[in-house]
Amino acid sequence: DGGITQSPKYLFRKEGQNVTLSCEQNLNHDAMYWYRQDPGQGLRLIYYSQIVNDFQKGDIAEGYSVSREKKESFPLTVTSAQKNPTAFYLCASSILASIHNEQFFGPGTRLTVL
Amino acid sequence: AQKITQTQPGMFVQEKEAVTLDCTYDTSDPSYGLFWYKQPSSGEMIFLIYQGSYDQQNATEGRYSLNFQKARKSANLVISASQLGDSAMYFCAMVDSGGYNKLIFGAGTRLAVHP
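These protein sequence lines are chains A and B, in that order.
So the first sequence is numbered by the working numbering: it starts at 70 and just counts up by one.
So the second sequence is numbered by the working numbering: it starts at 246 and just counts up by one.
If we strip away everything but chain B, and leave its shape as in the complex, we get (with noise of 0.2 Å):
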């Protein structure tokens, strides 16, 4: 069955200094996708971005970067130059190839950018 395990309960930062949320996983399909989610207290679930198992290089949007270690089964996401609105929920996921398709999550990482 597949797992993601982020260890991190809480993790928190000051302004404009980088964070990165650590995130493992365990699957035996050699294709795979990974996500990242951002959750802020409003409670809409944000995509911010998207490692597939066969891309050469580490994905990047914007702040988000995304340190992809095959071999180590990790994928964390690396936020740089952090600004107050990035305090949030953050939730590793990939979608289960079992069946239905569905999202499986960590447990999240509850981030909090000190000014």
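Chain A on its own, in the form it takes in the complex (with noise of 0.2 Å):
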């Protein structure tokens, strides 16, 4: 079945580790996207993808940082220059990015720093 996946489904992390969130795709989409959702609030968009081999910052982007190299995979790294990074993290996919195309959205991972 056509899908996003994303792994580990919950993550720890002690303070000052660099963690790695998993997120894939097998829609053939040209667009990815990470979002973090904190508790009783709205989604904000830290990196997006266009194509392979290029990103760009979204809103939040400080303290993380993603890579493009295959059109099916864009994992996102949380540094430990991120100061708050207990959250819930969603990635999504869209056919090519426009306003007119629906984000498709893999399970999430919540991440918890200890």
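Source of the hints: derived by calculation from the structure; they are not laboratory data.
If you're wondering where the values come from, they're calculated on a predicted model, not measured in any experiment.
Each residue gets a CB set at the ideal place from its N, CA and C atoms; glycine is no exception.
Misleading hints may appear alongside valid ones.
Just a sample of chain A residues kept apart from chain B, beta carbon distances all over 12 Å, derived [claimed, not checked]:
hint, residue
1, F81
2, E84
3, Q110
4, Q119
5, E131
6, S142
7, G175
Simulated DEER-style distance windows between Cβ atoms [said to hold, decoys possible]:
hint, chain 1, residue 1, chain 2, residue 2, range
8, B, G297, A, I120, 20 to 26 Å
9, A, G71, B, R355, 26 to 32 Å
10, B, Q247, A, G85, 35 to 41 Å
11, B, Y309, A, P77, 29 to 35 Å
12, B, S276, A, G85, 45 to 51 Å
13, A, I120, B, P360, 18 to 24 Å
14, A, T146, B, V323, 37 to 43 Å
15, A, E131, B, S287, 24 to 30 Å
16, B, Y299, A, K139, 33 to 39 Å
17, A, G72, B, P360, 29 to 35 Å
18, B, T250, A, N87, 35 to 41 Å
19, A, G72, B, P254, 45 to 51 Å
20, B, S276, A, S136, 28 to 34 Å
21, A, P77, B, G330, 21 to 27 Å
Assembling the complex is the task here: the two chains are given apart, and the hints tell you how they should meet.
Right under this line is the structure:
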């Protein structure tokens, strides 16, 4: 079945550690996105990528990094520079980055800093 | 700047009844798209329905329909024959045409379906 997978579902990080969240899609979508959701709030864009080997910062990119070496994969690294990383992270993809194309989401990763 | 407003923090409905979730939007672009997403307690955002600004007819997808009133800038979601599994947060959204292609979400409406 086509879809977006994210792993792990739950992730615990110690202070000062870098962690990488996985996002894979087999929908043949060109555009991929990373959002952060805090409790009781909406989604905020961290990074997005429209094509392989290219990505752009979103509204809250500080303390995060991404790569897009393959069309199917868009991993997100939460670095030690991110001061408050505890949140729910959602990866999404769309056929093309367009105002008319829906974004499909993965199941999310819940990150907790210990 | 574009904005989505959902004024109903919470709604409840009896099973098998219909319910309308309100959404108003603000944009100066002539071309835009409106989306509704469902977020159950598991957290995944599930795409429900899309309405394009130039679409002549209201969008429908199974039990979901969109009451699109362009002049009023409203795009209300109608869920017919509610089921217990419809209990979730519902978000109205549009893509930010000003850059990033990010989704702009409303605050959401929590729907509870009672048996």
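(request) May I ask which of the numbered hints given earlier this structure violates, with the numbers listed in increasing order? (result) 3, 4, 7, 13 and 19
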